[in-house]
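2 protein chains.
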Amino acid sequence: MSRSIPEATVARLPLYLQALVESSENAVHTISSTALADKSGVNAAIVRKDLSQLGAFGTRGVGYRVGELIDEISEVLGLNRDRALVIVGIGNLGRALANYDGFQRRGFDVVGLFDDADDKIGTTLGDLQVEPVDVLDEAVTARGATIAVVATPAQHAQDIVDRLVAVGVTAILNFAPTHLETPEHVAVRKVDVSTELQILSFYEQLYATPGPERQVATGP
Amino acid sequence: MSRSIPEATVARLPLYLQALVESSENAVHTISSTALADKSGVNAAIVRKDLSQLGAFGTRGVGYRVGELIDEISEVLGLNRDRALVIVGIGNLGRALANYDGFQRRGFDVVGLFDDADDKIGTTLGDLQVEPVDVLDEAVTARGATIAVVATPAQHAQDIVDRLVAVGVTAILNFAPTHLETPEHVAVRKVDVSTELQILSFYEQLYATPGPERQVATGP
DNA sequence: CTTTGTGAAATCCTTCACAGCG
DNA sequence: CGCTGTGAAGGATTTCACAAAG
Numbered sequence: 118m119s120r121s122i123p124e125a126t127v128a129r130l131p132l133y134l135q136a137l138v139e140s141s142e143n144a145v146h147t148i149s150s151t152a153l154a155d156k157s158g159v160n161a162a163i164v165r166k167d168l169s170q171l172g173a174f175g176t177r178g179v180g181y182r183v184g185e186l187i188d189e190i191s192e193v194l195g196l197n198r199d200r201a202l203v204i205v206g207i208g209n210l211g212r213a214l215a216n217y218d219g220f221q222r223r224g225f226d227v228v229g230l231f232d233d234a235d236d237k238i239g240t241t242l243g244d245l246q247v248e249p250v251d252v253l254d255e256a257v258t259a260r261g262a263t264i265a266v267v268a269t270p271a272q273h274a275q276d277i278v279d280r281l282v283a284v285g286v287t288a289i290l291n292f293a294p295t296h297l298e299t300p301e302h303v304a305v306r307k308v309d310v311s312t313e314l315q316i317l318s319f320y321e322q323l324y325a326t327p328g329p330e331r332q333v334a335t336g337p
Numbered sequence: 118m119s120r121s122i123p124e125a126t127v128a129r130l131p132l133y134l135q136a137l138v139e140s141s142e143n144a145v146h147t148i149s150s151t152a153l154a155d156k157s158g159v160n161a162a163i164v165r166k167d168l169s170q171l172g173a174f175g176t177r178g179v180g181y182r183v184g185e186l187i188d189e190i191s192e193v194l195g196l197n198r199d200r201a202l203v204i205v206g207i208g209n210l211g212r213a214l215a216n217y218d219g220f221q222r223r224g225f226d227v228v229g230l231f232d233d234a235d236d237k238i239g240t241t242l243g244d245l246q247v248e249p250v251d252v253l254d255e256a257v258t259a260r261g262a263t264i265a266v267v268a269t270p271a272q273h274a275q276d277i278v279d280r281l282v283a284v285g286v287t288a289i290l291n292f293a294p295t296h297l298e299t300p301e302h303v304a305v306r307k308v309d310v311s312t313e314l315q316i317l318s319f320y321e322q323l324y325a326t327p328g329p330e331r332q333v334a335t336g337p
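Chains as they are written, first to last, in the numbering used here: chain A, 118 to 337; chain B, 118 to 337.
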């Protein structure tokens, strides 16, 4: 029985899914933990432990059936149900996200785009018109959205989130460079390009600085 | 002495920096670990442990000096040096990133935009023209870029990365939904909206499903 | 003979709790 | 008296290594 899957495992399931879908497209029908590990960039033992967590059993001496695993992981992640999603903040990033076809393709239904700038309201992106944030609350309720993508400036993000949570949103993808306060029953994931670059900056200098020369390592 | 800062700590330093810069803008000159923790969404003990790692000392009974900490963290992350960066793949996302002013503002100098589609080559974004990927290698070398943002389709990403690594790039921000194979001395961070949404999907259903009712929790 | 599933060991990270300094 | 810095305890996660299954 699958009881409470560890966070680290949940975070890796989408990676496996990516690798598995790719394998499936290449007509690969069976895959070993080692092969899946290589494709996902993790250790083989972890793959096995993760998959055993969700009760999906492989065949010893053979490996896992690709199609079966895809179904199993999709089920666990809840990707079978369709999800309604709104995007708040249609700046550079929000616009790119609104045009991103990956949402629809994976069962996430974009049902609303919101901004408060007059020059954006009414413009069309994909097959949706940008609406004023004033109507956010009613729209989310009416259209049954439970997931929200927040791509507003940092100052407005917390206000927006408070409103979203009040009308029933329980999952938030936060692109605003600020920490969001939410009740326990709301899941938040943060995506921040600046943060990522700063982390990279650390490791870049770590690998680059030992030595005065800045030459390219012409390794094998 | 600062010897090998833990990965988890490095990943949090940018969060602290965000919170500290905000405090600084609000004319707050001193901050306690508890206050910084609240603003960053982490535990106070962790803040203290993290900061002690990098040798920055606070004052007992008082807290940390905001300006001093900003300098210290910036130094550790290597944000003082200017970094040259290229963006490869000017689709929806690449375009948004090219227009993103946060790079320049934080000392990351965008010195090249590359794509292989004829209708994109030559178009201007910000103050740069999109160049063909053919010239990627020479351009990266000539302009001394050590960081690359990869926003190409998944199929092309590994090829591009191999070329980037060959000409001296040591840090890669990967927006392509695929695992990248790189030598040890190259740092990679992956940003994937689909992955994040799938993780959210798991927790959303976890919080939402226990019970047939789908009512809004009208909390305090 | 290959590959899974999994206890046990090892490592990493977080939290607790408090001594000690300002 | 408030708040930092940090040992020690507690969890979580990863890795090892191997028995058991096909």
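I should point out that these hints are in silico values taken from the structure, not numbers from a laboratory.
Because the structure is a prediction, the values reported are computed rather than measured.
Beta carbons are placed, not taken as given, at the ideal position from N, Cα and C, and that holds for glycine.
Heads up, some of the hints might be wrong.
Stretch by stretch, here's where chain B covers chain A in the computed footprint (C-beta under 8 Å, at least three residues) [to be verified]:
no., segment
1, 195-201
2, 282-294
Derived lysine-lysine pairs resembling DSS-like cross-links, with alpha carbons at most 25 Å apart [unchecked claim]:
no., chain 1, residue 1, chain 2, residue 2
3, B, 307, A, 166
4, B, 156, A, 307
5, B, 307, A, 307
6, A, 156, B, 307
7, B, 166, A, 307
Here is how each hint holds up against the structure:
Chain B is given as covering the segment 195-201 of chain A, and this holds because 4 residues of the stretch bring a CB closer than 8 Å to a CB of that chain, at least three being needed. Beta-carbon proximity to chain B at under 8 Å applies to 8 residues in the segment 282-294 of chain A; the threshold of 3 is reached and the given coverage holds. Annotation: proposed proximity of residue 307 of chain B to residue 166 of chain A holds, straight-line Cα distance about 23 Å (limit 25 Å). In summary, the hint linking residue 156 of chain B to residue 307 of chain A is supported, as the alpha carbons are separated by about 14 Å, within the 25 Å threshold.
Of the pairs offered as hints, the one joining residue 307 of chain B and residue 307 of chain A holds, with about 13 Å between alpha carbons and a cut-off of 25 Å not exceeded. Our distance criterion of 25 Å between C-alpha atoms is met by residue 156 of chain A and residue 307 of chain B, whose separation comes to about 14 Å. About 23 Å separates the Cα atoms of residue 166 of chain B and residue 307 of chain A, which keeps this hinted pair within 25 Å; it holds.
The structure is consistent with each of the numbered hints, conforming to all of them.
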